[in-house]
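Colleague: Each chain, letter by letter, is given below.
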Amino acid sequence: AQTVTQSQPEMSVQEAETVTLSCTYDTSESDYYLFWYKQPPSRQMILVIRQEAYKQQNATENRFSVNFQKAAKSFSLKISDSQLGDAAMYFCAYIKAAGNKLTFGGGTRVLVKP
Amino acid sequence: GAGVSQSPSNKVTEKGKDVELRCDPISGHTALYWYRQRLGQGLEFLIYFQGNSAPDKSGLPSDRFSAERTGESVSTLTIQRTQQEDSAVYLCASTPQWIQETQYFGPGTRLLVL
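As given, the protein sequences belong to chains D and L, one line each in that order. As numbered in this note's numbering, residues 1 to 114 make up the first sequence, in order. As numbered in this note's numbering, residues 1001 to 1114 make up the second sequence, in order.
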């Protein structure tokens, strides 16, 4: 069974600084997708970034970028120039290609200090 | 267009009562998913619909839980004889056929069983 592990329950970052969130996963599949979702207090799960396993190039979305290490089964998220609005829970998630269920990690709470 | 919507936003019920939670997916999205999020945890998969059929019900925790979907639109998750351990946020997501692996979430229903 696939598992996703986020080892950092909470991370704190100063406004305008950079923070990196860790995620590791376990799978026997070769074709899959990885995601980072943001969940603010409103509960809405917001898609931050998506990575296809067959792509070697790391995905980026504005201030958000990932470091995807397929062999190590690692998928970290870097938030650059942190803003107060980035404060939220961040979840790493995995789905196999043509799969129908996301497997989520336990989440990392990000606190942004002004 | 509009995103995934869920109702009610919050529901308080007494132990032993039945509850119905509703999800309206994004128009045109063929696949629909239900997840449960217990306090401070990641999301757990409950059930997946493709159209109005449910090929994967593997996450439903007991026979007190059931779900149905009308065509490619509204879905209802029903919990019978609610228990205190059913207290959680129930999130719905939908996916367009052409981006099968990317799920877009609604704001969830927070259920509290007293």
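By construction, these hints were calculated from the structure, which means they are not laboratory data. Being a predicted model, the structure only gives us computed values, none of them experimental. Built from N, CA and C at the ideal position, the CB exists for glycine as well. Warning: the hint list may mix true and false statements.
With beta-carbon atoms standing in for the labels, derived distance ranges [to be verified]:
#1 L/LEU1114 <-> D/GLU15: 37 to 43 Å
#2 L/GLY1071 <-> D/GLN2: 27 to 33 Å
#3 L/SER1058 <-> D/ALA71: 39 to 45 Å
Colleague: It remains to establish, for every hint, whether it holds in the given structure.
Modeller: Verification of the hints:
Between L/LEU1114 and D/GLU15 the beta carbon distance is about 40 Å. The supplied range of 37 to 43 Å therefore holds. Taking the beta carbon of each, L/GLY1071 and D/GLN2 are about 31 Å apart, inside 27 to 33 Å as hinted. Roughly 30 Å separates the CB atoms of L/SER1058 and D/ALA71, a value that falls outside the hinted 39 to 45 Å.
Checked against the numbered hints given earlier, this structure breaks only hint 3.
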